[in-house]
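Undergrad: Got two chains here, separate frames each, mind docking them using the hints?
Each chain, letter by letter, is given below.
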Amino acid sequence: MQPLERYASIVDEFDAFRAACDRPLPSVVRVNTLKASIARARAALDAYNVEYEATDWHPGILRLEERGPGTSWPYFHGWLHGQEEVSVLPALALDPQPGDVVWDACAAPGSKTTQLADLMDDRGVLLGNDNNLGRLSALRHNAERLGITNLVVTNQDARNFSFKPFGDRTDDENRIEAVDRALVDAPCSCEGTIRKNPDALDQWSMDHVESVVGIQKGILRRAVQATRAGGTVVYSTCTFAPEENEAVLDHALETEDCELREWEPPAGFETDPGITEWDGDEYDPSVELAHRVYPHRNDTGGFFCAKLEVTG
Amino acid sequence: MTDPNTDGVDGDSPPENDGHRFDRLPATAAEREVPGRPTRAEVVQWWEQRYGIPPATWEEHTFWEKGNGKLWAFAADVVSPIPVESLGLRILRTRQEHWKPSTDAVQRFGRAATENVVRLDRTEAERFARGEDQELPRWDGDWGYVIAAHEIADGVEPIGVGLYLHGELRSTVPKGRQEDLS
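One line per chain: the protein sequences are A and B, in this order. With the numbering used here applied, the first sequence has no gaps in its numbers, which climb one by one up to 365 at the end. With the numbering used here applied, the second sequence has no gaps in its numbers, which climb one by one up to 190 at the end.
One chain only, chain B, in its complex shape (with noise of 0.2 Å):
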């Protein structure tokens, strides 16, 4: 079932990401042994410098990459690598110049974020959930991944991931999650 050669085709090259299977992400740099896996330090850094999310927020999960660059957030531990169909929950897109964080990630943690989060008002949210783009000239925050969010319940809670650029908030809501709550 599992290929026991983790070393490459060649015994030479460093092993490479099978996006067959889940792979643990190292600790640090100096654990990592994939060339470009990111590794358990960065992701929590990333979340709490992009969002300000604790760290303390993941210190029960594990984190693994499955595909390139497609990294998962789990409970508990398992033996690694491990080849299931699915592990945890999907919260990040990497290797590439911007990480995104998924819509399951965000409406799961994003109620810890303390920045880069963009309040909503009821229309807005409303188009935000129906997948539209939308002109947001008020945001004054940092361009990019940022999330969205509205107040329901008496409390601020996040919708999704938005792409705003040029003044221009763009809804990231994957098109079978995405819902007319008008």
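Chain A on its own, in the form it takes in the complex (with noise of 0.2 Å):
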């Protein structure tokens, strides 16, 4: 657990952190209301006697008191998908409409893809990327349960995703060549997912955080210039590491035509501002406006999520 004593100088109340941290994650399950209301998965959860608790933030996300979401009459109709109640934060951000253009550039194994689909009411383009042939699969399988018909599937570097295959540059009237919406939920040294994967830390090194933070920065620039004048990217991981964090904020704010936008994350859920100053680093001061989401806050695994418009 060593790592995550470099952030006892950011963090309040660091000893309920790192307790927190040595907890298991209770298992959460989201609605998806392209196949069943909230009302009706409660329903059939109750009739067949699966113990939950609505988190109080949101009554489609569900803490289930015992056996995985994967045993029962309401996950096999795709009415349910098991999802970190934490990773629901980012899509709520994006807040994408349904008609929308949206690109999500990690998306597997695809829970806030799916999500993304259901905040568009499964209308619009939903374009969802990974450069692991391995996780799409994943990704492909937990669309199909979920019933989603406005995903398309791509197997690209997000750091140069390409519009081509949509008809970039033609006269095609159905053609694709920006988006109105990006997430990039990052690769990341995962730290937040301690709760979750007990051994998440055993690999972590900062030559790992340095030669990912290179990936993070490529993918948010690119989600940046694939995005409209006006649109809006949200950017994400599940680490604490400021180097993955803020500092890649700061270098698109450096390089690409973009600004932070406030975000409110849902009443009842807490999180901390940005930091602007870390290991002798200034970072712009308006990566306040990102939140960091630590595990003692909210009893969730911990995570990083910012919201930036794109201006150029």
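Each hint should be verified, as a subset may be incorrect.
As the list claims (entries may be wrong) - Sample of chain B residues with no beta-carbon within 12 Å of chain A, all distances over it, derived:
1) D85
2) W107
3) D150
4) G152
5) H174
To be verified - Residues from chain B that face chain A, not an exhaustive set, calculated with beta carbons under 10 Å:
6) F82
7) A84
8) I90
To be clear, the hints were calculated from the coordinates, so they are not data collected in a lab. No residue lacks a Cβ here, since even glycine has one placed at the ideal position from N, Cα and C.
TA: See the structure below:
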């Protein structure tokens, strides 16, 4: 757990933070309203005596008492999807609308992608991309089970994502050359998943953090470029390292036409602001608008989430 | 990336289906260029004739073929052909004598079905979800691919696709989706 000691200076109630990191996470499911209303999904869980408690900030995000979601009728029907509670945030921040063109740059295995489809009411175009072909099959399987029809799955390196397959620079009336919104849920050092994977930090090293930072910066820059002026980009990770969070935002603000925007998580969900100084570096003051999620605040995994507007 | 030559190897032969990309289905037979490719009209009509699913169900969707006879429904429209990993939801297997709907299609769109829906009781539904075949002599509807359904939370919900033959209901729930729910 050594890596977490780095954050003693920036996390309030550090002992509570450390204690929360040692507790396992509850099993959480999200209702897929493309197939069933929240009321019907909950009625089915009640009918089959599956115990759950709705989170106090969303009636369709349910904490299960015991068994995993895979063995119940509502899950079989695709009415539910297992999704860690905190990972619901970036799609809410992105706020996609039915009819939008949305790019999920690092989509697999798809819990956030399928949530985006739900928020879009399965209308418009949702581009779900991942560079890992093996993980793509999990994305496809999840999307199929949930009955999603607005998803296009691509297998590209997000840093150089090309719209060429979509008719870029042709005169086809159905071409796609830019998106309205993009989600960059970046590959990261995953420190915040320690409650789910107790060995998440075994492979942790500063070298790894530094290597993943380059990828994060590349993907976020491409996402800003791929989004139309006035469009929205959300950047998220499941890690605490400022190098992978505020520093990546700072880099995008410096190199691309974008600005941080304020975004309020649902009432009852407590977050901490982004930090502007770390390890001798100073970041653009607007990164304070980003949200740090610490496990002891809401009894969730750790997370980072920021909303940007494309200005150029 | 995309092969610009969609006219086949030799200029005289008709275009063929290319399994590496998605092609939008022609609206009608008059617009068909690839031999054997089903038309949008045929697909919509098939769902209506076989299951009573209203044509309006598909109004917002485009239909695509990738692989020989595998049809997909997509919620919007994009360029055709399009070389991507997947496009919407795989709904139907065609280019064979009996068209076969997918589990995913039936679960998503089968609630609108009025014909060839086999209602199962609790034990039968559990068997079906496990992927087991079962005797079901009470069914006096059509043979072939039927929608297996059960009652849950005050409504009838499709479970998947069954193949009904000789008094037996075979479950076609894919291995990766089979579940012991008893």
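Undergrad: Look at each hint and say if it fits the structure.
TA: Hint by hint, here is what the structure shows:
no., hint, verdict
1, D85, "violated, 5 Å"
2, W107, "holds, 19 Å"
3, D150, "holds, 24 Å"
4, G152, "holds, 23 Å"
5, H174, "holds, 27 Å"
6, F82, "holds, 6 Å"
7, A84, "holds, 5 Å"
8, I90, "holds, 6 Å"
Going through the hint list in order, the structure does not satisfy hint 1, though it satisfies all others.
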